[in-house]
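Residue 1090 in the working numbering sits at position 182 of the sequence shown; the count goes up by one each step and never skips.
Since the hints were derived computationally from the structure, they do not count as laboratory data.
Even for Gly, the Cβ is constructed at its ideal location relative to N, Cα and C.
Fair warning: there could be bad hints in the mix.
Said to hold, decoys possible - Restricting the straight-line Cα-Cα distance to at most 25 Å, the calculated cross-link-like pairs of lysine to aspartate or glutamate (DMTMM-like) are:
#, residue 1, residue 2
1, K1117, D968
2, K1078, D1362
3, K1262, E1293
4, K1252, E1306
5, K1184, D1200
6, K1332, D1362
7, K1284, E1299
8, K1252, E1299
9, K1311, E1300
10, K1018, E999
11, K1018, E1341
12, K1262, D1247
13, K993, D1028
14, K1220, D1200
15, K1320, E1254
16, K1323, E1029
17, K919, E999
18, K1060, E1097
19, K1133, E1029
20, K1252, E1293
21, K1094, E1341
22, K1364, D1247
23, K1297, D968
24, K1215, D1362
25, K986, D967
26, K1133, E1097
27, K1146, E1157
28, K1018, E1324
Stated by the list, open to error - Ranges of calculated distance between the beta carbons of each label pair, as one might list FRET restraints:
#, residue 1, residue 2, range
29, E1306, W1257, 19 to 27 Å
30, R1219, D1307, 24 to 32 Å
31, E1341, E1299, 19 to 27 Å
32, E1154, I1314, 32 to 40 Å
33, E1324, E1154, 32 to 40 Å
34, K1184, P1303, 37 to 45 Å
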Amino acid sequence: MIDKDHKLPSKTWCALPWMHLSTRPNGHVRVCCTANASGIQDKDSTVKTVSEAGVVRNDDGKPANLAHTPLVEAWNNKYMRGVRKMMMAGEMPPSCLKCFKEESSGHRSKRQWESSKWIDEIGLEEIMEGYNPDTGTVPPRVRYVDLRLGSKCQLACVMCSPHDSSTWVKEYRDIYPRLKNPRLRKSEEWEKDSGKLAWAGGSYAWHKKNPAFFDELRTQYPHLKQLYWAGGESLIMKEHYEILQELIEQGHASNIELRYNSNGLDWDTHLFDLWKHFKNVIFHFSLDSIGDINHFIRWPSPWRKVKSQLRKMDNYPHGNLRLTSAVCITLLNIFYLPDMIQWKLENNWNLFNKYPAGSGTLDMHLAYWPPQLNVKALPKWFKMEVEYKFEEFYPWLEDNFDKFNIPVSKTKWLKEPYGINRLKGLVNFMNSEDWSERLPETAEWCFTVAENRDLKFLEIFPDLEWLQWYSK
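Working from the sequences, and respecting the hints, build out all of it.
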């Protein structure tokens, strides 16, 4: 359900196609970042509802890419008009499958929380203002931009790829030729996809191929309510700082909420001085576990430096920062999630996931790609182990409710969509389908990556020792 029983235009309606623009690091325009994963909904990932689901298409069938497609043209092209009209008719666009599958398993989807947020903040009438039901067009007033200026990143996370991280490129060329499983090779394919990107006219430096994009973006500054920065890694991109400075100088900053998904390992010394001018800042700190497990998943992020950077962020002095976690749930870390939540609650924090964020626990999202790391691929017996560990953890959360230090009763807290209910939703999602036939790919991927990085997988993940059974 959308929060507070909002009266919506239809049962499949989402606020984003009326107010939001999302980019990929390669310049492709998307309905939203979640829509981009809607094709990865089958245990055989070669079966997709639509190829590159969620990527907006031009009328010639090629992806709308900002290296050559004007922003306003992508905003109201045939594809986007079709998405809006389907939603208004109560139909489910193929690009939106991921949200509806999450909702069916009890996990609160991006469609639900984004729609609630924006209805509460600007109202349904303003979101829909100017919509033409006959054509599916809306005026080009982009209130919310998900901006990814290329793939520059200093990490090579195990669930990532050269599509989103420049650091992956060299390592990919070391690892990929050693992969033997045909389906794993297909799901991890990149060089061929690079050829498809060239065919589409895109680039991992798309904004440099089309400097006019920044002029188009400037026309949207007066309308912007949120500017969302994600990977690559925005905090090491000079363009990120230049745009913030420009928004401040033009007097727009006080009307704009900044939002980030970031590994938080490096930032310019004047970042906090820039942030203080904005309406508020939401920083989703990418953190997938604690200690060596996080180091393996978000390679290479030494735990000592991660903790140091998180503490610096937690001590931000200007009062307009909401600091949350961005835990990416995969089969590598779901078993250890209760330990991570306990670690969070047993350390003192000023800002980090302060209630109501994650109901005082942690904020998290599900990884759909790569398919061999999807939680659905766990074997049935280990899913039962995960579920048992979670069931044992719920009473601990209740018994340690005082550690949350939050201004609501335990009775009210237990009913909230985050906290225990979110954890139960994760378990339901994990159990909703059996993808365990992919475990040979999981084993080959994890052990090959670990070997290439000179890491001892079984020492880092002792509870996943059974994974070697699937390794040829």
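Now the hints, each set against the structure:
no.: 1; hint: K1117 <-> D968; verdict: 21 Å, holds
no.: 2; hint: K1078 <-> D1362; verdict: 16 Å, holds
no.: 3; hint: K1262 <-> E1293; verdict: 29 Å, violated
no.: 4; hint: K1252 <-> E1306; verdict: 15 Å, holds
no.: 5; hint: K1184 <-> D1200; verdict: 34 Å, violated
no.: 6; hint: K1332 <-> D1362; verdict: 36 Å, violated
no.: 7; hint: K1284 <-> E1299; verdict: 18 Å, holds
no.: 8; hint: K1252 <-> E1299; verdict: 19 Å, holds
no.: 9; hint: K1311 <-> E1300; verdict: 18 Å, holds
no.: 10; hint: K1018 <-> E999; verdict: 17 Å, holds
no.: 11; hint: K1018 <-> E1341; verdict: 21 Å, holds
no.: 12; hint: K1262 <-> D1247; verdict: 18 Å, holds
no.: 13; hint: K993 <-> D1028; verdict: 23 Å, holds
no.: 14; hint: K1220 <-> D1200; verdict: 21 Å, holds
no.: 15; hint: K1320 <-> E1254; verdict: 22 Å, holds
no.: 16; hint: K1323 <-> E1029; verdict: 23 Å, holds
no.: 17; hint: K919 <-> E999; verdict: 8 Å, holds
no.: 18; hint: K1060 <-> E1097; verdict: 19 Å, holds
no.: 19; hint: K1133 <-> E1029; verdict: 10 Å, holds
no.: 20; hint: K1252 <-> E1293; verdict: 22 Å, holds
no.: 21; hint: K1094 <-> E1341; verdict: 22 Å, holds
no.: 22; hint: K1364 <-> D1247; verdict: 21 Å, holds
no.: 23; hint: K1297 <-> D968; verdict: 51 Å, violated
no.: 24; hint: K1215 <-> D1362; verdict: 23 Å, holds
no.: 25; hint: K986 <-> D967; verdict: 7 Å, holds
no.: 26; hint: K1133 <-> E1097; verdict: 37 Å, violated
no.: 27; hint: K1146 <-> E1157; verdict: 17 Å, holds
no.: 28; hint: K1018 <-> E1324; verdict: 17 Å, holds
no.: 29; hint: E1306 <-> W1257: 19 to 27 Å; verdict: 21 Å, holds
no.: 30; hint: R1219 <-> D1307: 24 to 32 Å; verdict: 27 Å, holds
no.: 31; hint: E1341 <-> E1299: 19 to 27 Å; verdict: 21 Å, holds
no.: 32; hint: E1154 <-> I1314: 32 to 40 Å; verdict: 38 Å, holds
no.: 33; hint: E1324 <-> E1154: 32 to 40 Å; verdict: 39 Å, holds
no.: 34; hint: K1184 <-> P1303: 37 to 45 Å; verdict: 42 Å, holds
When the structure is compared with the earlier hints, violations turn up for hints 3, 5, 6, 23 and 26 and for no others.
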